[in-house]
Every structure is written in structure tokens, then in C-alpha cells.
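Visitor: Take a look at the letters that make up each chain.
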Amino acid sequence: MKQNIMALALVTACLALPAVAVPAVAGPRDDIVAGFAAAAKAADPAFTGFDAARGKALYESQNTASAESPSCASCHSASPLKAGKTRAGKAIDPMAVSVTPDRFTDLEKVEKWFGRNCNTVLGRECTAIEKGDFITYLSGL
Amino acid sequence: MRLIISALCLAGIATIALADERMGIVNDDLTKKECGACHMAFPAGFLPKRSWEALMGNLKDHFGEDASLSAESTAAIRDYLLANAADASGKARGFARGLAADQTPLRISELPRFKREHGTFSEATMKKVGSMSNCAGCHRGAEQGYFDDD
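Chains as they are written, first to last, in the numbering used here: chain A, 1 to 141; chain B, 1 to 150.
What the hints contain is simulated information worked out from the structure, not anything from laboratory work. Glycine included, C-beta positions come from ideal geometry on N, C-alpha and C. Keep in mind that the hints are not guaranteed to be accurate.
[As the list claims (entries may be wrong)] Calculated pairs, DMTMM-like style, for lysine to aspartate or glutamate (alpha carbon to alpha carbon, straight line, at most 20 Å):
no., chain 1, residue 1, chain 2, residue 2
1, B, Lys32, B, Asp66
2, B, Lys127, A, Glu68
3, A, Lys90, B, Asp29
4, B, Lys60, B, Asp79
5, B, Lys33, A, Glu111
6, A, Lys112, B, Asp29
7, B, Lys32, A, Glu108
8, B, Lys33, A, Asp93
9, A, Lys109, B, Asp66
10, B, Lys60, A, Glu68
11, A, Lys90, A, Glu68
12, A, Lys112, A, Asp93
13, A, Lys112, B, Glu72
[To be verified] Pairwise CB distance ranges, derived in the manner of DEER restraints:
no., chain 1, residue 1, chain 2, residue 2, range
14, A, Leu141, B, Leu30, 31 to 37 Å
15, B, Asp148, A, Ala53, 50 to 56 Å
16, A, Glu108, B, Arg97, 35 to 41 Å
17, B, Glu72, A, Gly123, 48 to 54 Å
18, A, Ile92, B, Arg97, 23 to 29 Å
19, B, Asp148, A, Asp31, 31 to 37 Å
20, A, Ser61, B, Val129, 26 to 32 Å
21, B, Met126, A, Ala42, 33 to 39 Å
22, B, Pro112, A, Glu111, 20 to 26 Å
23, A, Ile92, B, Lys60, 18 to 24 Å
Work out the full structure, taking the sequences as your base and the hints as a guide.
Guide: Okay, structure coming up:
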């Protein structure tokens with residue numbers, strides 16, 4: 001009987017452990033978003049937080065800088081839950097984190113593609129707020 | 001005698017394999033990764049050095065897309081492409097043969113020999129394949145370096 005209680009306590013402790021451990025270590029995506037938040041705050045002290053609705057609007061916005069690539073959605077597909085396609089016909093994994101879990105986990109990769117794609121589609125760099133909004137939208141689908 | 005024949009056979013196979021590789025496959029990991037993010041990483045031997053120089057010198061406007069890379073990656077990929085270009089050994093090989101010295105094509109599909117071998121396609125075929133950059137749309141083994149399946 002005593003043994004059973006011990007075992008039960010052990011199992012309970014083990015089950016509880018991850019729940020305690022997870023919030024303590026932020027994932028790489030959280031770190032990346034936190035970096036953008038710090039930059040957004042530095043640029044605008046009135047910044048209060050990222051907004052998925054603004055991220056969705058950016059993802060779907062139709063722009064004029066490029067005739068071939070008017071929108072993020074033109075390569076990344078209208079639904080971020082679905083695979084996209086480059087102009088050359090190569091498949092792009094879905095942008096939604098729920099479907100492609102390693103999205104936005106490598107800062108170098110994230111910055112490389114924001115740099116290129118914002119310039120192609122919008123004709124300018126994206127702001128830290130836009131980057132954070134974009135990732136927030138795609139992390140919550 | 002048997003040994004000599006076997007040795008010759010092996011050497012022959014190795015030569016063919018090597019030639020195939022030089023013509024048809026990108027065997028540099030960074031080049032494969034970065035170019036391959038948007039389209040098949042095209043074999044370096046499909047364009048002459050001056051074309052690769054022009055392309056790698058203007059990644060900011062790569063056929064209407066910003067394809068910029070870090071300075072280090074740009075230099076490393078450029079070096080690989082130049083070292084393996086169609087005219088790397090001095091004389092133009094393959095697709096780059098018959099190209100006038102004052103021409104610097106930016107598209108493989110603009111090369112005279114490419115055009116001669118491909119002719120024109122129906123609208124339906126182009127719709128299916130999507131783009132002239134999609135070699136594997138018709139040549140199923142393109143990514144492995146095989147284009148001789150037509």
C-alpha cells in the first residue's frame with residue numbers, strides 16, 4: 001500500500017514536471033517575437049503589443065510594387081494553412097505554425113525572408129511591428 | 001587481361017558519372033539550399049561565367065524578386081558557379097555553345113541551343129508546367145541531373 005502511494009506520488013511529480021518546466025524556457029519563436037517587440041517599443045513608445053488582425057491584413061494586402069507578386073498570399077497561398085508555390089513552381093510549406101511547426105524559429109532565416117519579400121511585395125522593408133504582427137497572426141491559426 | 005578490362009570499365013563508368021555530375025547536378029550544399037529555395041538549383045554548367053557574374057551581382061532584382069543573400073553567401077555561391085560554369089575550362093560546353101561572345105544571357109531558356117532543343121510549347125503545356133524554370137515539370141529526373149528523357 002505504502003509502495004503504491006510512493007509510485008503514485010512519483011508519477012504525479014513526473015507528470016507535473018513539464019508543466020512547470022515549459023514556461024521557464026521560452027522557445028526560439030518567442031525570443032524572436034520578443035526581439036521585434038523590443039524594437040517596436042524603441043521605435044514607438046506607444047506600442048502596446050502585436051495584433052493578429054493587422055498581421056492578417058498584411059498577409060492579404062494587395063500591393064503595386066510588383067506585378068508578379070502583389071501579395072504575400074500570391075506565393076504563400078490564400079490560406080496560410082495550405083502549401084504555397086513560388087513563381088518558378090516550387091512548393092512552399094504552409095506558413096501556419098500549427099501545420100509547419102518549425103516556422104519562425106531561426107532568426108537569420110526569418111530576417112532574410114522578411115528582407116527579401118517585403119522589398120519585393122511592398123517595395124520597402126517591413127517594420128518591427130509588421131514582422132511581429134505577421135508572426136503573431138500565423139502562430140495563432 | 002580480365003583485370004585490365006575491368007579497370008578500363010571502371011574508369012569509363014567513373015568518367016561518365018563525372019561528366020554527368022558536372023553537367024547536371026549542383027554538388028555544393030549552400031548553392032543547393034539558397035538557389036533551391038525558390039526554384040531547382042540550376043546546374044552551373046548551363047550558363048557561362050559572365051552570366052553567373054551578372055546574376056550574382058544583382059540578386060536584389062532577380063527577375064523582379066529580391067533574392068539578396070549575405071555578402072559571404074553571395075561570394076561563396078558565385079565562386080562555386082564560376083568554377084563550374086559552361087566555359088570554366090576556357091571553351092564553352094553544352095548549352096553555352098554557339099553563344100556570341102558579346103551576349104550575356106540571364107535565362108538558361110534564352111540560350112540558342114536550349115531554344116533549338118525545346119522548340120515552342122502549347123499554352124496548355126505551359127499552364128501545366130507553370131514556368132520555363134520548372135525543369136522537373138517535364139524532365140522528371142532533372143533534380144538528379146537527368147534531362148535526356150524526352
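Visitor: Please go over all the hints and tell whether each is borne out by the structure.
Guide: Hint by hint, here is what the structure shows:
no. : hint                              : in the structure
1   : Lys32(B) / Asp66(B)               : 18 Å, holds
2   : Lys127(B) / Glu68(A)              : 16 Å, holds
3   : Lys90(A) / Asp29(B)               : 18 Å, holds
4   : Lys60(B) / Asp79(B)               : 18 Å, holds
5   : Lys33(B) / Glu111(A)              : 16 Å, holds
6   : Lys112(A) / Asp29(B)              : 18 Å, holds
7   : Lys32(B) / Glu108(A)              : 18 Å, holds
8   : Lys33(B) / Asp93(A)               : 15 Å, holds
9   : Lys109(A) / Asp66(B)              : 15 Å, holds
10  : Lys60(B) / Glu68(A)               : 16 Å, holds
11  : Lys90(A) / Glu68(A)               : 15 Å, holds
12  : Lys112(A) / Asp93(A)              : 17 Å, holds
13  : Lys112(A) / Glu72(B)              : 13 Å, holds
14  : Leu141(A) / Leu30(B): 31 to 37 Å  : 32 Å, holds
15  : Asp148(B) / Ala53(A): 50 to 56 Å  : 53 Å, holds
16  : Glu108(A) / Arg97(B): 35 to 41 Å  : 40 Å, holds
17  : Glu72(B) / Gly123(A): 48 to 54 Å  : 26 Å, violated
18  : Ile92(A) / Arg97(B): 23 to 29 Å   : 35 Å, violated
19  : Asp148(B) / Asp31(A): 31 to 37 Å  : 49 Å, violated
20  : Ser61(A) / Val129(B): 26 to 32 Å  : 29 Å, holds
21  : Met126(B) / Ala42(A): 33 to 39 Å  : 49 Å, violated
22  : Pro112(B) / Glu111(A): 20 to 26 Å : 41 Å, violated
23  : Ile92(A) / Lys60(B): 18 to 24 Å   : 21 Å, holds
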